[in-house]
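Protein chains: 2
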Amino acid sequence: MHRIITIGREFGSGGRELGKRLAEELGYAYYDKEIISAIAQRSQLAEDYVNQVVENQIHTYYPITVAVSMAAAPEDTVYSVNRSIFSAQTEIIQELAGKSDCVIVGRCADHILAEMKPFRIYVYADMAYKLARCRANGEAGEDLSDKVLEKRIRSVDKARAQYYRFYTGDSHDDRLTYDLGINTSTIPIPDAVAAVAALVRATK
Amino acid sequence: MHRIITIGREFGSGGRELGKRLAEELGYAYYDKEIISAIAQRSQLAEDYVNQVVENQIHTYYPITVAVSMAAAPEDTVYSVNRSIFSAQTEIIQELAGKSDCVIVGRCADHILAEMKPFRIYVYADMAYKLARCRANGEAGEDLSDKVLEKRIRSVDKARAQYYRFYTGDSHDDRLTYDLGINTSTIPIPDAVAAVAALVRATK
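Quick mapping for you: the protein sequence lines, in order, are chains A and B. Residues 1 to 204 in the working numbering are what the first sequence lists, from first letter to last. Residues 1 to 204 in the working numbering are what the second sequence lists, from first letter to last.
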């Protein structure tokens, strides 16, 4: 069975950079946004729409309780589309994990691949770090105030948390959803990558 | 300035073992229960009593709100004694940290030594692991059922959390109170120690 590393992360914490560097260090495949493109292709939906559903909007359609009683949920179009997206995502992630050792960022991969016992990392940081990182990466318009940018960061994190909870029934607030939590506002990403790579090699 | 590593931990998660092995690996001093003895000596109180206050009972005397308005708190004996214990603990931990590189388990050392920017680790595990570990270490009477032992584990954790919150105003539920979170039910302690030692060396 291939070795899988999943990365959950707060927006702006550098989870993607950590994942990418870790994949390079270990010689693993790396999957992030390409999963969205693959879902779009398979579900014949626009990539932007898939991204919105996966990253942001699922929670605006149905309350969390729907997840526990899917059978009773109304079968309207938006709901069905969201279900097809998650179903395509599940298939694609399982296929990727079946191909080779890999690092997968986000997309509930830790839950989808639970049987493969992935090494589950959660990356987080304090707000000052996340603000600075979003600005440095040009992810924020220069005209945005810290207050507005902070609001945006919190809103993305809230949406991700709701998406994760919707499909897994769990919350990353529960530490047991991951094996290692890394605070990138205090641990430099390259150092974290070296340590995690050593740990992955040791526990393989 | 010396390099300090602090370990917060759930009861039964193996935080002490991890801390001790890490200290050995790095050649650092290791402080855990000896802090209780030192406090007892300095405050001229019985070691058992100090241990009860530090580990278990502080929260039964005063609600958390007292911590935010110490000036308004009644100056009765129990309260004063608890304050002297924390004050002796603070002094002792600062003295130890001033002596050499070290690993300190518990006792709000992360908060007391915040200015020294300690490397803050939090060790946790799932209940099955903690139950098994408590039994293996003989920390549980053989006659205790899983249910009773689980209740005891939760109660120690609750008391530790309240003690931490009482004196620091923070909660370990907030990941930002630590730099690295380690789930010992999935990462073997020796592997975690090797990785953390490498990380500490890299970030020194």
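Hints are computed from structural coordinates only; laboratory data are not their basis. Errors might be hidden in some of the hints.
For chains that are exact copies, the list does not tell them apart, and a pair is met inside one copy or across any two.
[To be verified] Below, simulated EDC-like cross-link-like pairs (lysine to aspartate or glutamate); rule was C-alpha separation at most 20 Å, straight line:
| no. | residue 1 | residue 2 |
| --- | --- | --- |
| 1 | K204 | E115 |
| 2 | K158 | D173 |
| 3 | K151 | D174 |
| 4 | K204 | D146 |
Now for the hints, and whether the structure bears them out:
| no. | hint | verdict |
| --- | --- | --- |
| 1 | K204 with E115 | within (16 Å within a copy, 38 Å between copies) |
| 2 | K158 with D173 | both (12 Å within a copy, 17 Å between copies) |
| 3 | K151 with D174 | between (23 Å within a copy, 19 Å between copies) |
| 4 | K204 with D146 | neither (42 Å within a copy, 32 Å between copies) |
Hint 4 from the list above is the single one not met by this structure.
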